[in-house]
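Based on the provided sequences and hints, a complete structural model is requested.
Heads up: the protein sequence lines correspond to chains A and B, in order. If you're matching positions, the first sequence starts at 1 in this note's numbering and goes up one per residue. If you're matching positions, the second sequence starts at 1 in this note's numbering and goes up one per residue.
These aren't lab readings, by the way, just hints derived from the structure by calculation. A quick note: this is a predicted structure, and the numbers were derived from the prediction, not measured.
What follows is a list of derived Cβ distance ranges for each label pair: (1) A:148 <-> B:200: 33 to 39 Å; (2) B:132 <-> A:150: 22 to 28 Å; (3) A:217 <-> B:258: 39 to 45 Å; (4) B:30 <-> A:156: 43 to 49 Å.
Over 12 Å on every C-beta distance to chain B, these chain A residues come out as not near it, computed from the model: (5) 4; (6) 43; (7) 77; (8) 100; (9) 109; (10) 153; (11) 202; (12) 247.
Every residue, glycine too, gets a C-beta built ideally from N, C-alpha and C.
Number of protein chains: 2
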Amino acid sequence: MPHIGRRQGLTERLRIRAGTFAGPTAGLAAGNVQANLAILPAALAHDFLRFAQANPKPCPVLAVSEPGATALPTLAADLDIRTDVPRYRVWRHGELVEEPTDIRHVWRDDLVTFAIGCSFSFEEALVEHGIEVRHIARGCNVPMYRTSIPTVPAGAFFGPLVVSMRPFRPADAIRAIQITARYPSVHGAPVHIGLPEAIGIRDLGRPDYGDAVPVAADELPVFWACGVTPQSVIAQVKPEFCMTHAPGCMLITDLRNSSLAV
Amino acid sequence: MPHIGRRQGLTERLRIRAGTFAGPTAGLAAGNVQANLAILPAALAHDFLRFAQANPKPCPVLAVSEPGATALPTLAADLDIRTDVPRYRVWRHGELVEEPTDIRHVWRDDLVTFAIGCSFSFEEALVEHGIEVRHIARGCNVPMYRTSIPTVPAGAFFGPLVVSMRPFRPADAIRAIQITARYPSVHGAPVHIGLPEAIGIRDLGRPDYGDAVPVAADELPVFWACGVTPQSVIAQVKPEFCMTHAPGCMLITDLRNSSLAV
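Okay, structure coming up:
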């Protein structure tokens with residue numbers, strides 16, 4: 001891990017660990033990879049990993065912990081998964097029961113942590129290429145939609161693909177496809193372009209998650225597989241116990257986004 | 001050059017050189033790179049090469065000969081540019097004066113040969129990936145359109161970008177963008193997708209060159225920069241003398257299409 005990534009990542013994780021920061025992480029440790037989090041009992045972990053393996057676009061796994069381990073050494077040298085995320089969600093039987101800033105009090109030795117790639121990484125690459133990302137320019141959340149595209153089921157995990165949408169003029173859409181294709185570990189190339197109804201989206205103005213953004217007449221909506229997909233399939237299974245990050249409050253790693261490019 | 005490419009290329013060039021084949025080259029020496037041809041007096045060659053450098057998508061140069069030379073050693077070990085193309089077009093002051101199968105009788109020591117990448121190479125890659133290319137499936141010519149997109153002028157050479165169009169369903173369009181982006185020396189990624197009117201194309205059913213193909217309601221038209229662009233800018237200049245290949249009758253090289261992938 002390059003020095004800059006390690007220094008930036010650790011600085012932010014120490015602030016979060018100390019409890020002095022508990023908000024959304026967008027913009028923190030600029031250039032570092034941020035990750036979605038899913039923490040599951042070991043009994044479900046193998047099926048979930050099989051689900052991710054079969055659905056790499058919505059579920060690109062950056063790291064899987066040893067059962068019970070609180071470290072993710074391939075993502076950061078000094079990381080405690082119980083304290084280093086600004087805000088968590090604790091779920092019991094599918095019900096959100098708590099949104100703590102620390103999960104030491106509910107930690108168990110059979111928990112397996114999954115760090116899953118996040119679109120922040122490829123959006124940074126788009127912005128660096130001078131391509132406007134609409135929801136960033138408007139300061140709102142990306143619009144997300146449940147589609148009619150099924151995921152490949154594995155064990156108890158199944159459900160529809162959720163996509164995020166970013167509108168671009170056609171030449172920028174082509175560039176965006178080329179750029180994001182270089183980042184398979186953070187959702188990679190889009191899954192659809194231009195014809196929302198063909199994937200079961202009736203009204204772009206009414207996303208299932210996030211905020212609507214305008215699409216101009218000379219633009220095409222471009223759809224990427226979304227990290228909300230694994231969260232929604234986990235929610236469907238209603239495990240007796242699991243944890244995730246709170247929306248927008250991601251795990252900050254020491255990896256640099258540029259290192260993910262193939 | 002791999003053995004298979006050299007053997008296949010030479011076999012076809014010898015047939016063509018002997019005058020026993022004078023037709024379109026599509027499908028010959030499968031897997032070998034075929035090239036568009038432009039042969040210009042040395043006085044125009046530098047400006048044309050500058051034009052190509054400034055417009056690499058419509059004008060991807062595979063090789064430029066020494067002035068007066070009949071060989072292109074980087075494309076094939078045994079190649080005589082005066083005899084090895086099935087059919088040529090000879091132009092004087094912008095008028096087509098002859099379509100011979102051999103240009104030894106009009107050869108001059110000041111001629112510079114340009115071999116320019118051709119979409120056959122990336123179409124082969126699409127077909128190998130299992131993506132249907134409409135005009136190939138229908139056995140007709142690809143539809144081509146003059147656009148409202150200007151090329152970057154250089155010296156006497158200027159004019160609108162010409163594009164070829166292939167329709168795909170959205171997921172295949174994304175794959176086609178990813179695949180063709182790997183082939184910058186044969187036009188590379190598309191220049192436009194989905195909104196023909198935005199680049200000055202009023203009616204997809206009436207191409208400026210080639211044949212119309214149907215575009216289904218669940219498909220998007222995808223547009224690539226086209227090798228007809230350099231031909232049309234040369235035609236505009238009306239040089240006192242120049243030569244090209246006859247449409248569809250390309251130069252068969254020893255290079256393999258797979259070697260062009262970046």
